[in-house]
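Novice: Just need the whole structure built from these sequences, with the hints factored in.
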Amino acid sequence: MVEPTNQTLTHAAPLLEELEAGTPSFSALVQKLTQLVGKDGILFDADELLVYECDGYIVDKTAPDIVVFPSSTEQVSATVKLCNQFNVPFLARGAGTSLSGGCLPIGGGVMIVLTKMKKILEINLRDRYAVVEPGMVNLHLTNALKGTGYHYAPDPSSQGSCTIGGNIATNSGGPHTLKYGVTTNHVLGLEAVMPDGTIIELGGPTAEVPGYDMHGLYVGNEGTFGICTKATVRLTRDPESLRTMLAVFHTIADATKSISAMIAAGIIPAALEMMDQGIIQAVEEAFHFGFPLDAGAVLLIEVDGLEIALDEEVRQILEICHACNVRDIQSANTPEERLLIWKSRKQAFGAIGRLSPSYCTQDGVVPRTRLPEILEFIEETSQRFGLRIVNVFHAGDGNVHPILLFDERDQEQIQKVLEASEAILEKCLELGGSVTGEHGIGVEKINFMSRIFNKTDLATMETVRNLFNPRQICSRDKVLPQHQTDEKSSIAQSHPTRRAPH
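Take the sequence shown: its position 290, counted from the start at 1, is 290 in our numbering, and no numbers get skipped.
Among the hints, a few may not be true.
Said to hold, decoys possible - Computed list of lysine-lysine pairs in DSBU-like fashion (alpha-carbon distance at most 35 Å, straight line):
#1 179 <-> 230
#2 343 <-> 257
#3 179 <-> 116
#4 118 <-> 230
#5 81 <-> 230
#6 118 <-> 61
#7 230 <-> 346
#8 119 <-> 146
#9 116 <-> 81
#10 81 <-> 455
#11 346 <-> 416
#12 118 <-> 32
#13 61 <-> 416
#14 146 <-> 179
#15 427 <-> 343
#16 116 <-> 346
#17 346 <-> 118
#18 346 <-> 427
#19 81 <-> 32
#20 346 <-> 257
#21 427 <-> 179
#22 230 <-> 343
#23 61 <-> 346
#24 39 <-> 81
#25 61 <-> 343
#26 179 <-> 118
#27 119 <-> 343
#28 116 <-> 61
As the list claims (entries may be wrong) - Ranges between beta-carbon positions, derived for each pair:
#29 200 <-> 125: 19 to 29 Å
#30 455 <-> 325: 44 to 54 Å
#31 72 <-> 27: 19 to 29 Å
#32 325 <-> 51: 41 to 51 Å
#33 335 <-> 455: 52 to 62 Å
#34 333 <-> 46: 49 to 59 Å
In short, the hints are calculated from the structure, not lab data. Glycine is no exception: its CB is placed at the ideal position from the N, C-alpha and C atoms.
Specialist: Written out as structure tokens, the structure is:
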């Protein structure tokens, strides 16, 4: 058995040389993990591990050496302690819908998959909270609350498959972020396993907890502070009424003008989503919603609140859309029609498979008034690199999701995707925005951190991370750059699978 060390792990290496597959130490670790989670709770054959070599960000792939499926906080804690004992890196994974390489096991190691921990432990309507395990699928919580008069507000586009634990890791947003806020606004407390295996509790079901906002700090840590094993989330009362509309525009420019005009008029829709012509065509081919294929863009607009106020809001929205040359506006008159409209948005990513064998979704943010500029730049970038780029995004808060289409079997196309992505994110910064709104930094955008933050900022973040994760054995090489000497290093040359060996 390898004796534990206090050496800080800062570089990727395949499960440490002394624990290569087939060695006594590797066998000993597999044996102990098998005793812990059972034979049905562990994978270590190479062909089975390929399933876990990447998340939704398919540009980089690295398979773990061992995958375990704990079913309780105690098993997560025991697994983490074994990883420390054997000096093996580890990280958590939920549904694998992350789009920035957040659960990419750089250098191998042990992957702790939380999909067995999927129970709703408590629903308290009187005090407006629910307690769930991290593997709970976001939509399953929504479904469990139907008919109660309450709902869990964060609803990422991958709501049907993403998990609450993953949402907490990346501080996910979603279509209703504009009015209701991101995940951190709806997490009251959590239980977590620290990188040394210690179990801690942060926050709680009450609205205010004395002392520092530790659970607020924890949300969005992208797995670098440990593993969330339980979450207490806020429940929001269902709105008294709502209106859902689909506005069709001849051009993207007209659609973006209407977005700015709505916000300027003091209207805060519950959701304000845009799909461009490329997405419209893909969705229409897949699901036959009746979208006009020659439309430049469509806006999904939803307002909610008191019934007495909604008619006036809708009147203003219609007036603004007509002033911006709207081509057609359809309203959902029944719950079934509303669900159909939302299905067109929620399943847009699934329809992209009809356009391309592979795609990479970016996650930049710009001020709403700069949307026309970034969309124009995205089109220019598409032409410059010879890549098709389509757009579906949270237009209300300026969170753009350009989707770059390519074939991952072609290395030249992969390189173009990396360079085009970098150009788009650089433009977002130039326009006063950021490189991520909800997908996180992961490994994909790690080299942008030194462009956004100065050395003092990064050193402060490192200090905070090291308080939780001093050995950096948990989710290593994520979020913060290891080397800051070259502040303009290219993400196209610095991805994990393209780094020089250490």
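Novice: A separate judgement is required for each hint: does it hold in the structure or not?
Specialist: Going down the list of hints, with the structure as the test:
1. Proposed proximity of residue 179 and residue 230 is supported: the alpha carbons are some 26 Å apart, at most 35 Å.
2. Proposed proximity of residue 343 and residue 257 is supported: the alpha carbons are some 25 Å apart, at most 35 Å.
3. Using a Cα cut-off of 35 Å, the hinted pair residue 179 and residue 116 holds, with the two alpha carbons roughly 32 Å apart.
4. With a C-alpha separation of about 10 Å, the suggested pairing of residue 118 with residue 230 holds against the 35 Å cut-off.
5. Between residue 81 and residue 230 the CA atoms are separated by roughly 19 Å; this keeps the pair inside 35 Å, and the hint holds.
6. Between residue 118 and residue 61 the CA atoms are separated by roughly 26 Å; this keeps the pair inside 35 Å, and the hint holds.
7. Under the criterion of a C-alpha separation no larger than 35 Å, the hint pairing residue 230 with residue 346 is consistent with the structure, at around 27 Å.
8. Between residue 119 and residue 146 the CA atoms are separated by roughly 17 Å; this keeps the pair inside 35 Å, and the hint holds.
9. Distance hint between residue 116 and residue 81 is fulfilled; the C-alpha atoms sit about 20 Å from each other, no more than 35 Å.
10. With a C-alpha separation of about 33 Å, the suggested pair residue 81 and residue 455 falls inside the 35 Å cut-off, and the hint holds.
11. Between the alpha carbons of residue 346 and residue 416 the distance comes to roughly 28 Å, so the proposed pair stays at or under 35 Å and holds.
12. Distance restraint check for residue 118 and residue 32: the Cα-Cα separation of roughly 24 Å lies within the 35 Å cut-off, and the hinted pair is therefore satisfied.
13. In summary, the hint linking residue 61 to residue 416 is supported, as the alpha carbons are separated by about 17 Å, within the 35 Å threshold.
14. Under the criterion of a C-alpha separation no larger than 35 Å, the hint pairing residue 146 with residue 179 is consistent with the structure, at around 21 Å.
15. For the suggested pair residue 427 and residue 343, the alpha carbons sit about 31 Å apart, so the restraint of at most 35 Å is met.
16. Distance check on the hinted pair: residue 116 and residue 346 sit about 25 Å apart at the alpha-carbon level, within 35 Å; holds.
17. For the hint linking residue 346 to residue 118, the alpha-carbon distance of about 22 Å falls within 35 Å, and the restraint holds.
18. For the suggested pair residue 346 and residue 427, the alpha carbons sit about 27 Å apart, so the restraint of at most 35 Å is met.
19. Annotation: proposed proximity of residue 81 to residue 32 holds, straight-line Cα distance about 11 Å (limit 35 Å).
20. For the given pair, residue 346 sits about 24 Å from residue 257 by alpha-carbon distance, which is consistent with the 35 Å threshold.
21. Simply put, residue 427 and residue 179 have alpha-carbon atoms about 26 Å apart, close enough for the 35 Å limit, and the pair holds.
22. Taking the CA atoms of residue 230 and residue 343, the gap is about 30 Å. The hint holds against a cut of 35 Å.
23. Annotation: proposed proximity of residue 61 to residue 346 holds, straight-line Cα distance about 26 Å (limit 35 Å).
24. In summary, the hint linking residue 39 to residue 81 is supported, as the alpha carbons are separated by about 19 Å, within the 35 Å threshold.
25. Taking the CA atoms of residue 61 and residue 343, the gap is about 31 Å. The hint holds against a cut of 35 Å.
26. Straight-line distance between C-alpha atoms of residue 179 and residue 118 comes to about 28 Å, which keeps the hinted pair within the 35 Å bound.
27. Of the pairs offered as hints, the one joining residue 119 and residue 343 holds, with about 26 Å between alpha carbons and a cut-off of 35 Å not exceeded.
28. Restraint check for residue 116 and residue 61: satisfied, since their Cα atoms lie roughly 24 Å apart, inside the 35 Å limit.
29. Checked against the given bound of 19 to 29 Å, the beta carbons of residue 200 and residue 125, roughly 28 Å apart, stay inside it.
30. With their beta carbons about 48 Å apart, residue 455 and residue 325 fall inside the hinted range of 44 to 54 Å.
31. Between residue 72 and residue 27 the beta carbon distance is about 25 Å. The supplied range of 19 to 29 Å therefore holds.
32. For the hinted restraint 41 to 51 Å between residue 325 and residue 51, the CB-CB distance of approximately 48 Å keeps it satisfied.
33. Roughly 54 Å separates the CB atoms of residue 335 and residue 455, a value that falls within the hinted 52 to 62 Å.
34. Separated by about 55 Å at the C-beta atoms, residue 333 and residue 46 satisfy the suggested range of 49 to 59 Å.
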